[in-house]
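*Asks:* Sequence:
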Amino acid sequence: MEINGPLTIGVLDNDTGGRELHLGFKPDFRVLNLQQQSEAFQDFIKTLINEIHELDESDPNRQGMTTILQICEQLQPHIDTNELPLEETIVVNIQSHNPFGNIKISN
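Final position of the sequence shown in my numbering is 115; the numbers increase by one with none missing.
No wet-lab data here; the hints were simulated from the structure. Only a predicted model underlies this, so the values are computations on that prediction, with no experimental measurement involved. All clues given are correct.
Pair ranges (Cβ atoms, derived):
hint, residue 1, residue 2, range
1, N101, T16, 15 to 21 angstroms
2, G26, T89, 27 to 33 angstroms
3, V19, D64, 17 to 23 angstroms
4, E62, N90, 30 to 36 angstroms
Yeah, the Cβ is synthetic: ideal placement off N, Cα and C, and Gly gets one too.
Could you build all of it, start to finish, from the sequences and the hints given here?
*Replies:* Below is the structure:
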C-alpha cells in the first residue's frame, strides 16, 4: 500500500530485537509556512483515517497505518505551534514483529 504525505518513513531492526520507526519531514513540507504545514499535516491525518476505514480489519497494513496515525495525531499540536525541528529524524521504538504490513509512503 502506498500513501502520499509529508513524511518519509522507514522501519529498521534494532539491536534489542525490536524495530525502530524513523520519521522525517519531506523538503517540500519543510518549506511551507506554518499555516500551510499545519493544514497539510491535518490533511494527511484525514487521509490516513479514510484509508484505514477502507481496509478490512484483518488487513496486515491496518495495524501499521493505525500506528502511524496515532503518532501523527501526537505530532500535530507540535507542528501547529512550530515546536518541532523539521530537519531532524524522529525515532520511535516499536516492539512488535511487523506492524507495518506492506505500507510504502511516498510523495
